[in-house]
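> Going down the list, the protein sequences come from chains A and B.
Sequence positions in the first sequence follow the working numbering and run 44 to 144.
Sequence positions in the second sequence follow the working numbering and run 2 to 170.
No lab work stands behind these hints: they were computed from the structure.
Take these hints with a grain of salt, some might be off.
Claimed, not checked - What follows is a set of in silico ranges between Cβ atoms, one per label pair, in the way DEER data are often shown:
#1 A:137 - B:106: 25 to 33 Å
#2 B:108 - A:142: 38 to 46 Å
#3 B:122 - A:140: 46 to 54 Å
#4 A:140 - B:94: 17 to 25 Å
#5 B:120 - A:134: 31 to 39 Å
#6 A:140 - B:93: 42 to 50 Å
#7 B:133 - A:132: 16 to 24 Å
#8 A:140 - B:11: 35 to 43 Å
#9 B:66 - A:48: 30 to 38 Å
#10 A:48 - B:31: 15 to 23 Å
#11 A:130 - B:27: 20 to 28 Å
#12 A:98 - B:102: 22 to 30 Å
#13 B:98 - A:130: 28 to 36 Å
Note that beta-carbon positions come from the ideal geometry of N, C-alpha and C, so glycine has one too.
Read off the chains here:
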Amino acid sequence: MAGIPFGHVLALSGILVALGVACATARRNLIMILLGVEIMLNGASIAFAAAALRWQQLEGQAFVLFIIAIAAAEVSVGLALIVHLYHRTGSLDPEKFNMLK
Amino acid sequence: MNLFNILFYSIALLIVVSTGLAVTRRNLVHAVIYLIMSFFGSAFVFYLFGAPFLAALMVIVYAGAIMILFLFIIMMLRVETPEEQLFPARQMWPAVAVAAGYLVVGALLAAHDPAAGAVLGPAQTEPAVFGAYVFRNTWLAVEVTSLLLLVALIGALFIGKRPTHESEE
Numbered sequence: 044m045a046g047i048p049f050g051h052v053l054a055l056s057g058i059l060v061a062l063g064v065a066c067a068t069a070r071r072n073l074i075m076i077l078l079g080v081e082i083m084l085n086g087a088s089i090a091f092a093a094a095a096l097r098w099q100q101l102e103g104q105a106f107v108l109f110i111i112a113i114a115a116a117e118v119s120v121g122l123a124l125i126v127h128l129y130h131r132t133g134s135l136d137p138e139k140f141n142m143l144k
Numbered sequence: 002m003n004l005f006n007i008l009f010y011s012i013a014l015l016i017v018v019s020t021g022l023a024v025t026r027r028n029l030v031h032a033v034i035y036l037i038m039s040f041f042g043s044a045f046v047f048y049l050f051g052a053p054f055l056a057a058l059m060v061i062v063y064a065g066a067i068m069i070l071f072l073f074i075i076m077m078l079r080v081e082t083p084e085e086q087l088f089p090a091r092q093m094w095p096a097v098a099v100a101a102g103y104l105v106v107g108a109l110l111a112a113h114d115p116a117a118g119a120v121l122g123p124a125q126t127e128p129a130v131f132g133a134y135v136f137r138n139t140w141l142a143v144e145v146t147s148l149l150l151l152v153a154l155i156g157a158l159f160i161g162k163r164p165t166h167e168s169e170e
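Can you build the whole structure from these sequences, using the hints too?
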């Protein structure tokens, strides 16, 4: 039997999203939180690419293209914010950022 | 079991293992390196699914640009977090709950989706066909994305600018 069942690919992307959620929720480091978001986006794009192959439509692949572009934008702004916060407080612990000022 | 299946399952195992290692590393540099391995695996999965252009983009943009940006920032900030308790119990519980919820929903979806049994075979999309599709059918999204990238560039420049006067603290 040639080929992979679609459910196995969905399982792979589900595992990736769960790992990303665990990383973004449990780690106490702003950089690891951003990395968790990246892992989640990666899992979602694998599901999109598999769906594009499953239904033989190119929309899924176009969606992956936009996911990659938006991840680049998100990372650039997020890292700039992290550097700014580090210069203000000297720490990357999210619990230190509890002042509005 | 043919070559397509063997390649997919071994690459999937590589992705899951390297992502799991990345999530649990205490050293941020090690985490980023493991994640680069995971993204290379994703690029290979895209190639298997017949999207060579996306595979190239994954290597160039994700592994090549985004992760290197992370490495630059980590090395620039000289973050030392030996006191960071990996997965403190207070945050472990919500993390496990949310991730387990995602896993259960994903497993149910994969098990009961009528489309889940469909078998994916090898295929190939020519990059020229894909490019023509993107610029013909989703041109508005391309424009909006380019505007978003411009806004992100300006925002990153504005935020990253060092303050001219130190705010009183």
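> Each of the hints needs a verdict: does it hold here or not?
Each hint, compared with the structure:
1. A:137 - B:106: 25 to 33 Å: holds (27 Å)
2. B:108 - A:142: 38 to 46 Å: Because 42 Å falls inside the window, the suggested range holds.
3. B:122 - A:140: 46 to 54 Å: Hint holds: Cβ distance 50 Å, inside 46 to 54 Å.
4. A:140 - B:94: 17 to 25 Å: holds (22 Å)
5. B:120 - A:134: 31 to 39 Å: violated (51 Å)
6. A:140 - B:93: 42 to 50 Å: violated (21 Å)
7. B:133 - A:132: 16 to 24 Å: Hint violated: Cβ distance 49 Å, outside 16 to 24 Å.
8. A:140 - B:11: 35 to 43 Å: For residue 140 of chain A and residue 11 of chain B the Cβ distance comes to about 42 Å; the hint holds.
9. B:66 - A:48: 30 to 38 Å: holds (34 Å)
10. A:48 - B:31: 15 to 23 Å: Given a distance of about 34 Å, which is not inside 15 to 23 Å, the answer is violated.
11. A:130 - B:27: 20 to 28 Å: holds (24 Å)
12. A:98 - B:102: 22 to 30 Å: holds (27 Å)
13. B:98 - A:130: 28 to 36 Å: Hint holds: Cβ distance 35 Å, inside 28 to 36 Å.
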